[in-house]
Every structure is written in structure tokens, then in C-alpha cells.
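J.: Letter by letter, the chains look like this.
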Amino acid sequence: MLVVNTETIPGHEIVEIKGLVQGNTIRAKHLGRDIGAGLKNLVGGELTGYTELLTEARRQALQRMMDQAAELGANAVVNVRFTTSSVAAGAAEMYAYGTAVVASPAI
Amino acid sequence: MEYLVLLIPVVMLIGLGSIGRFTEQAHLRRLDAAEAALSHIAVTNTKTAPPGMTVVSDPFVIGEAVIGSDYLKTALASLRAIVGGEIRSFQKLLERGRREAIVRMLREADARGATSVINVRVERAEMGSAQLPAAEIIATGTAIR
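Protein chains in written order, with my numbering: chain A, 1 to 107; chain B, 1 to 145.
Simulated from the structure, these hints should not be mistaken for laboratory data.
Predicted model, so just to flag it, every value in this text is computed and none were measured.
Since no wrong hints were added, every one of them can be taken at face value.
Covered by chain B, per the in silico footprint, the following chain A stretches (three or more residues, Cβ under 8 Å):
1) 1–9
2) 53–65
Estimated spans, in silico, between C-beta atoms of each pair:
3) B/S18 - A/A28: 31 to 39 Å
4) B/D32 - A/I17: 40 to 48 Å
5) A/S86 - B/R107: 26 to 34 Å
6) B/R88 - A/A88: 29 to 37 Å
7) B/A77 - A/A28: 23 to 31 Å
Don't be surprised by glycine CBs; every beta carbon is placed ideally from N, CA and C.
Could you build the full structure based on these sequences and the hints that come with them?
T.: Take a look at the structure:
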């Protein structure tokens, strides 16, 4: 599945629009990570546990979006955007959405 | 003599803060080197590609970074809030987060054989993960060649 955040796919032609597809995930951080980050916060610097959390959440949301696109019979998703929102204390949502299309290489 | 006890947290704060400052400078130097090493990739935040260019096989490139503040930075920021003005410690923090996320995105693009990354978007990801101020950044782009 071809995924881009541009409205068109360079070198490809969009032949059919299948519609909006979306995927989300809500993640709770766990205590171990909090303790690790608390210690790291003494001196500052990268909070690796939280970077991993962000990466996992983003992958999951994208995967769900791509699954939906595949169900619609699309082979690409264009104009993909991410949005995050905080649902409750300690829980945050990662939301990915885009337009599912059928694309073919330009001749 | 009892007053000396009161100095302990201050000394700790400054001590840890200096470590933070040292790691920050080291991080900025690492970023300079990484950006120089990736400078062969042209980066734009425009949506269109030059004619004749095509997307790489897995074109959606992403980089994330969460950089945390330290207690000294946070304390300095609250002092700054009394008199107003620019908070340099947080300015540096967000700069580090953004540059790190962009560098990671460019590494992905480089590994996929891209010569250019277009439509770059850099956003704050509000996962609310850290208790203390932190720069949570996600950078995305489309890798082409």
C-alpha cells in the first residue's frame, strides 16, 4: 500500500477515489515508563520510553487506516494526517486519516 | 549551620542542571553532524514534486522524538514567567525535539533511496506523556527520487 502525505502521488496517476479512511489508537503509558522518565527528567534529554510509545501508537493507527483502505479495494492512501488528543489523564489518542485511492504508475 | 541544609536542593539543582546543559550541547553537536551527513537530501514543505520524479517504494517517512526538560530548565522558566520575556531553555528544548524528529525522518528517507522529501510537516504530538515539560514532536514527509 502506497501511503503519502501529499495530495497527489509523484510519478503516479490517481484513477479512482475510494473515500476517507481512518485509524486510531488510545494508549495508556505504564508506570515503569513514568518512573524511568521521572529519573531522566532530573537531567533532561530524550525520554526514550515515550518516543517508543509515540512510535507504537503511530504505527498502530496507520496500520488500522491501511487495513480500512485495503477493505475498500484501494492501493494507496493520499494526504495522510496525524492528530493527537488527550482523552483522560494518562491516556492519549493517536489518530491517522487520509483519502483512499486507486493509483497506477504514470506512463 | 542549619541554613546550609537549605542549600542542598539548590546545589543539587545546579549540579543536575549542568549535566543537562552538557548533554544538551552534546545533542546539538550530534544534530549538526547528522544534518550535515543528510544534506544531500533536498527537503521542502511544498506539495508538488519536480517533473520526472517518482515516489520511492515506501514513501511515507516519519520521525518522532520526545525530549524532556530538566528541573533546572523548568525552574528557570518559572522565574522567567515572573518578569516575562523569552524562555531560552524551552526554546532550545523544542528546537532539539524538532531537529531530532526531522533527522530521523530523513534517515528513513535516505535508507529508502530518496533524493528528496517533499511536503514535510512538523507537529507537536500531544500524548501528554511527561509530567514535566517535554517536546513531543512528529515529523512526516513524502520521499521521492
